[in-house]
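Residue numbers (this note's numbering), protein chains in the order written: chain Z, 90 to 346; chain U, 18 to 298.
Hints were generated in silico from the structure; no laboratory data involved. Incorrect hints may have been included.
As the list claims (entries may be wrong) - Mimicking DSS-like on lysine-lysine, the simulated pairs with C-alpha atoms at most 25 Å apart in a straight line are: (1) K212/Z - K73/U; (2) K237/Z - K198/U; (3) K174/Z - K27/U.
To be verified - Just a sample of chain Z residues kept apart from chain U, beta carbon distances all over 10 Å, derived: (4) G179; (5) R190; (6) N209.
Unchecked claim - Which chain U residues face chain Z? A few, computed with CB under 10 Å, are given here: (7) R26; (8) G79; (9) G80; (10) S195.
Just so you know, these numbers come straight off a predicted model, no measurement behind them. Even for Gly, the Cβ is constructed at its ideal location relative to N, Cα and C.
One letter stands for each residue in the lines below.
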Amino acid sequence: MEKTTSPTTEHQVRLKISDLNFFYGPKQAVFGLNLNIPTNRITALIGPSGCGKSTFLRTLNRMNETIRNTRVEGAVLLDGQDILKMDVVGLRRRVGMVFQRPNPFPKSIYDNVAYGLRINGFKGRLDDLVEKSLRRAALWEEVKDYLKKSAFALSGGQQQRLCIARALAVDPEVLLLDEPCSALDPVTTAKIEELMFQLKDSCTMAIVTHNMQQAARASDYTAFMLDGKLIEHTETSKLFTTPKDPRTEAYITGRFG
Amino acid sequence: MSRARLFWRKAVNNVMLTLTGVAALGVVSVLFLILGYLIWNGGASLNLNFFTQLPKPVGETGGGMANAIVGSLKLLFLAAIMGLPVGLMAGVYLAEFGGKTFSFVIRYTTDLLNGVPSIVIGIFAYSLVVLPVKHFSTLAGGVALAVMVIPITVRSTEEFLRAVPGNMREAAMALGASKWKTIATVVLPAASGGILTGMLLSLARVAGETAPLLFTAFSNRFWSQGWEQPIASLPVMIYTYAIAPYDDWHRQAWAAGLVLLGLVLVSNLGARFILARTKAV
């Protein structure tokens with residue numbers, strides 16, 4: 090990767106990943122990855138299935154630790170602190186995550202949003218924060234009269250925005266989105282993308298996506314991964330118009346993947 | 018394809034359909050036959066006295082089995098407070114924490130325990146609780162039933178916990194919940210309807226057990242105070258009354274059978290109701 094295209098020079102860096110290797114048992118899934126994720130920008134991770142982009146994303150809040158027999162090498166710095174040495178609870182409060190399939194809890198809409206606050210021992214006015222989080226996730230107007238209803242009564246798109254609201258409630262600095270729109274229709278997808286755009290003021294986002302139009306539309310920077318390695322990382326407009334690496338070009342023009 | 022072959026296929030299809038259908042019908046009719054028979058024979062003896070009075074001495078007609086009904090409930094209560102928590106926690110361990118080998122051992126042992134004949138469990142409780150104090154007791158009967166409740170609860174709890182989607186656990190963990198917090202605040206509530214159903218069914222299952230009570234709780238023709246005395250229970254009463262040579266006692270045994278079946282039926286329906294309600298959330 091050339092230094093001139095690195096976002097480091099233009100923006101503050103929220104997450105600095107250096108020489109990251111990841112192993113599922115003996116099988117290596119991420120190879121010597123170096124990447125800077127700039128503050129309050131959206132970074133898209135693209136690449137063919139199985140290239141390690143989701144695995145990589147899940148190392149950023151140490152979700153992979155829930156899988157047996159995995160190993161991480163290298164360093165991930167969040168505002169200069171190594172996340173691998175942090176208390177995992179504190180880390181996940183600062184680095185939130187939204188998953189591929191909407192996964193609300195079988196609780197009321199209100200309780201879903203309040204969950205993160207409650208388990209972190211929040212002592213304050215829950216109502217205000219629940220409303221604020223739902224507003225930030227652009228869901229408040231649709232659900233404000235049904236807060237006590239089960240989250241399962243919502244549509245798929247609403248559920249995903251609820252999951253975003255739930256993640257936002259603990260006010261994370263970083264939001265990781267693992268293919269958040271892959272189970273949603275185009276209209277709902279557009280809503281989520283608009284929402285991400287609004288969140289940019291207050292939140293750093295990294296999104297894994299299979300949808301290249303989405304990466305092109307919604308992100309500021311794009312990283313292309315192949316076989317567990319980072320191939321190219323630059324401003325989205327540059328990556329999609331003048332890719333440096335022939336493999337990137339082959340992928341974004343649909344010649345493989 | 019030849020016509021003969023086609024005909025043959027159709028014939029086999031019809032025969033199998035009939036056979037499976039008859040078998041299914043047989044299963045259902047057995048239950049209704051039992052129920053009908055119980056009502057036919059015991060229905061007449063089932064009156065208010067049956068639920069409120071003590072058994073009458075031989076020769077006198079009438080009387081009831083109030084002590085046995087309360088006795089069965091007391092025994093089930095003991096089985097519940099001793100067996101259910103252990104079963105629940107072991108189930109949580111198996112579904113959420115256990116490694117491969119140790120879990121396999123526990124699961125296998127649980128299945129074996131489930132298959133141990135109930136009379137053997139009775140002997141176990143006899144030597145554990147009855148022999149040291151040298152008398153039958155409610156407590157001993159409760160222990161015997163608790164031992165039977167545990168394996169059923171373990172497996173049903175495990176099943177229902179495993180049915181909770183993994184992505185819900187991930188969601189909780191991603192919000193900073195520890196493993197135990199995730200289980201306590203998300204997984205267990207999500208599975209609570211199923212777990213409760215499993216518990217009710219396990220109690221319903223042991224409510225009709227006779228063998229483990231014969232030499233633990235024994236029986237009692239009077240009210241049993243506290244937990245130290247022998248106590249009457251519906252299944253043991255049925256056993257005693259059914260083999261006695263008096264027609265009136267036979268009728269009462271049928272009535273007791275009807276009450277017992279009613280108890281099991283009600284708890285089954287209750288379990289279904291709970292499950293349906295929690296699924297709707």
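So, going through the hints one by one against the coordinates:
For the hint linking K212/Z to K73/U, the alpha-carbon distance of about 64 Å lies beyond 25 Å, and the restraint is violated. For the given pair, K237/Z sits about 23 Å from K198/U by alpha-carbon distance, which is consistent with the 25 Å threshold. A threshold of 25 Å between alpha carbons decides the hint, and for K174/Z with K27/U the separation of about 69 Å lies outside it, so the pair is violated. Residue placement check: G179/Z does not keep its beta carbon more than 10 Å from all beta carbons of chain U (closest about 7 Å).
For R190/Z, the non-interface assignment is contradicted: its Cβ lies about 6 Å from the closest Cβ of chain U, within the 10 Å cut-off. Look at N209/Z: its CB is around 6 Å from the nearest CB on chain U, not clear of 10 Å, so calling it non-interface is violated. A cut of 10 Å between beta carbons decides the hint on R26/U: the least distance to chain Z is about 42 Å, and the hint is violated. Hint on G79/U is violated. Least Cβ distance to chain Z is approximately 52 Å, over the 10 Å limit.
Taking 10 Å as the C-beta cut-off, the interface hint given for G80/U is violated, the closest approach to chain Z being about 50 Å. For S195/U, the shortest C-beta to C-beta distance to chain Z is roughly 7 Å, which falls under 10 Å, so the interface hint holds.
In this structure, the hints that do not hold are numbers 1, 3, 4, 5, 6, 7, 8 and 9, in rising order.
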